[in-house]
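Protein chains in written order, with my numbering: chain A, 1 to 406; chain B, 1 to 178; chain C, 1 to 251.
Bear in mind the hints are in silico, worked out from the structure with no lab data behind them. Quick caveat: nothing in here was measured; it's all calculated off a predicted structure. Don't be surprised by glycine CBs; every beta carbon is placed ideally from N, CA and C. A portion of the hints provided could be inaccurate.
To be verified - Each pair of labels, with its calculated beta carbon distance range: (1) 38/C - 229/A: 41 to 47 Å; (2) 95/B - 299/A: 54 to 60 Å; (3) 84/B - 154/C: 47 to 53 Å.
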Amino acid sequence: MGEKILMKGNEALAEGAVLAGCRFFSGYPITPQNEVPEYMSWRLPEAGGTFIQAESEVSAINMLYGAAATGIRTMTSSSSPGISLKQEGISYCAGADLPIFFANVVRGGPGLGNIAASQGDYNQSVKGGGHGDYHTIVLAPNSVDEMGNFPKKCYELAEKYRMPAMILADGILGQMMEPVEFKFQPVDPANLKKPDWSLGNAAGRKKRIVRSYDLREGELEKMNWARAKKFQEIEDREVQFEEKNINDAQLVLVAYGTSSRIAAAAMKMARDKGIKVGLFRPITLWPFPKKQLAKLAQRVKNFLVVEMSQGQFVDDVRLAIGGTAQVDLYARPAGIPSGEEVFAVVEKLYQSIKPAKAVKKVEKVKPAKKAKSPKKAKPTRKLKPVKKKTVKIKTAKKATRKGGRR
Amino acid sequence: MYQGIRISGFGGQGVISAGILLAQAGLLENKNVSWFPAYGAEMRGGTANCSVVIASEEVSSPVVSRPDTVIVMNEPSLAKFEPLVKPGGLLIINSSLVNSKPKRTDIKVAYVPCNKIAEEIGTTKIANMVALGAYAGLTGALSVDTIAKALGKVFKRAKPEMLELNVKALKRGAEIKI
Amino acid sequence: MELVNKKPSGLVDVKMHYCPGCGHGIVHRLIAEVMDELGIRERTVGIAPVGCAVFADDYFNCDMIQGPHGRGPAIATGIKRSQPDCIVFSYQGDGDLASIGMAETIHSAARSENITIIFINNAIYGMTGGQMAPTTLLGQPASTCPTGRDAKVNGYPIKVCELLAQLEGARYLERTSVSSAQGVIKTKRAVKKAFQNQVEGKGFSLVEILSMCPTNWGMNSLQGVKFVDEKMMPIYPLGVFRSTEQEGGQR
C-alpha cells in the first residue's frame, strides 16, 4: 500500500488478484493477456498458491470450477476467443453459484480477429456470456491502477452474491504501463472464512454437493427466480460509475474502459475551446447504471457514445435513456480512435446542438408546451442522428437505429 | 505540462525499454505517466514502437496520435512517424542509420548519430540512451539524472558497469544542440 | 447380532435409477466399500459426469461435484491441487472420457495428477439413448450407426488403457470387468489400488471397467453379460497396463 509502481496492466491485474487472496490460477496462452499467466507462474508458488497451464481454455475453466468449489479465491484470464471457450464452464459456475473471478483482455473479433484492443465482447460479457439465464458481474477498469485494484472488488462482490465476477479489459489496458498503487492491505487467505458450501474435509458434517442442475419438476425455475431476485438486488445496490464535467454539460460522452480515456481526451480538447462537454463512465457494466443515466437525461439532451465495437454498448445506453434524449454513436469496431478524431465528432455534433438547445426549438414543435416540461422535450428532428463517421445536420426524418453509426 | 512521445525503431534497438525508462523517470518526478507498446505478432527483428505520455495532469489517452516528440531510430520509422509530429514539435533522428531527410518544415529536427556515439562509448547497444539523453537535453522535460535513476529501477539485474555506460550515453546525448 | 453384510457408509440410502442389468450400481458399491475400507470417506470428493452416472452425486455419501461433459479430470485437478489432503475421484463413461474429454484424460495423465479415475466402458452412450461411443465395437449397432459401426465411416474403437500406457505420467492402468462375480472381485481390487495409490501420492491411476448396458444394446441382462465376455473382451483385453510396482509400467 502507498507506493506507486510502474506496471503493465496485465501484471497489475495478476498482482492485484494475488494481493486480494487469489491462490489458484489456471489458464492457457493467448495474446494480449500472456503476461497474466506468466506473472502467476512464479508469483503464485511464491505466495503458496497453485499455477497450472492447462491443455486448453476449456480445461482451465474446469480446473477453476473444481478449485473454486473448495472455497478458495481463484482466477483465470484469457482474451476473446479463449473466453468463448470458457463460457460453458462459466455458465456451470453461475449455475452452481460459485464465486469465481476471471478477466477478459479483449482483442479484435469475430473469429481469430486480430490482437489489438477492441470492445467487441461487450454483449457477451454483460448479457450472460454462456448458455442459460444468468448474469456475471462486470467491472470495466480504464487504467492500470484500476486493473490492479479491481480484482479485490470482484472477489468481494462474487462472494457476497455467490456468482462469477469479471474484469472486462482490452489489449491496451493489458499492455500499457502506468503507475499502480494497491490501495488495500494484502488479504491473507487464512483469514477468509471458509464458506458453508465448500467441498473437502467433511468430517463431522453432512456431505455437500456442488452442481448446476436440478431435474425435479419446477425446481430449476425456483432456483432461477431466486437468482433473478439476487440480480435485482445487485442492480439496486452495486452500480458504480464516474462523472466528469457533468454540471454544465450540454453534450455528454458515454464510454467505458479504454474508450473512456479517449473520450476524456476529446473532452479536454473541447473544454479548452469552451465547448461544454461532460463524460459519463460506467464502471460496472453489469449492473448497468440505468437509473443514473436516465436521471442525467432529464437535464442533458445530447449524448455521444464512443465504443470500440459496432454499437453494442450504445444499446444499453439507449435503453437506459429511453428516448428522452438524443443518443449518437461514434463506433470503431476493431479500431482505436484518437482523441482528435472523437473531438472532431464532438465539435460537429455540438454545432448542431447549440441552436437547438433551449426554448426556441421546443416552441417550434409545440409552442404551448414551452418551458413547462423540459423533461419531456423530445429531441427535435434537427438533432436526430446522422450518418457515417461525422455528423451531418440535415439528415433523417426517420432516425433509424443505425443512425450515427460509422 | 504535457509531453506525448513516440519512439520507433527495429526490434532489438531498445525502443521499448527506452520508452519504459522515460515513463519510469516521469514517475520519479511525480508526473502522471503512461507507456504503451505497439505489440505485434513478431518476436524479433520487426519494427517496434511505443507511446509515452508524461504530464502534470491526468493522462487521458495512452495512445499518442499527435506526439510532441518523435524519436526515430531507423529508416522506415521516419516515413511512418514524421507526419504525426505536432506542428512545432521535435523530431529526433538517429542519423547513424537514417539517411533520408524529413520533408516537413514546421517542426524542429535534431540529427543525433546515436550509434556512432554509442560505439565511441563502448557498445551500440546503448544507442537508445544517446537518443534519450538528446530528448532530455533538447526538451528539458526530464533531467538526465532522473533518467539515470530510473535505469536502476527498470533494469534491476543490470551490472553496475553496464549502468555506468548507459549513464555516459545519456550524458553525451544531452550535449546535442540543434 | 451383528449385521455382516450391510450397505457401505459411502453410499446414501436411496434407490438408484439405473436399469436392470446395468453395471453402474455394482461399481458404485465397490467405490463406496473401498472408501470405507481405506477410511477416506470424509475427505473424499467425487466428480459426477454427464451421462447416466450424473446422479452419482446423490448416491455417494461423500462431497460431490457435478461438472461439464468430459471435464472430470480438469475439475479433479483443480480440487486436488487446492486441497491436497482430499482424495479425489472422477467417475466417467466412455463418451465423457474418451470422446469429448479425451484431452483432459490424456493431459491429466501426462501431468500425473494424483487422482483416481473410474472409467466405465460400455461401448455406448447411455443417457442420451444409445448413440455410438468412441468405444463402440466394429459392427455393433447404435442409434447413430444403425447398421453397425463401420470403420470407413466411423473409424475404430479407442482402447483407452493401451493409449494411456504410452504416457510416463500414467502410473496405474488396469482394465477389469463387472460381467462376472470373479470380475467384480478383481474390479474391487483394482479400484482399491487406484485409491490406495492416491493416498500414497503415487500419481495418476485409472481403472477401465467393462460394463453392461443391456437397455441400449437391445438385450436382456444375461445377454448383456455375455456380450461383455464374448464381444468386448477380445477387443478390450483385461489386465494391468501400467503398474506402480513395475518400472516403466508396461505389461
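Q) Hints broken by the structure, by number, lowest first? A) 3
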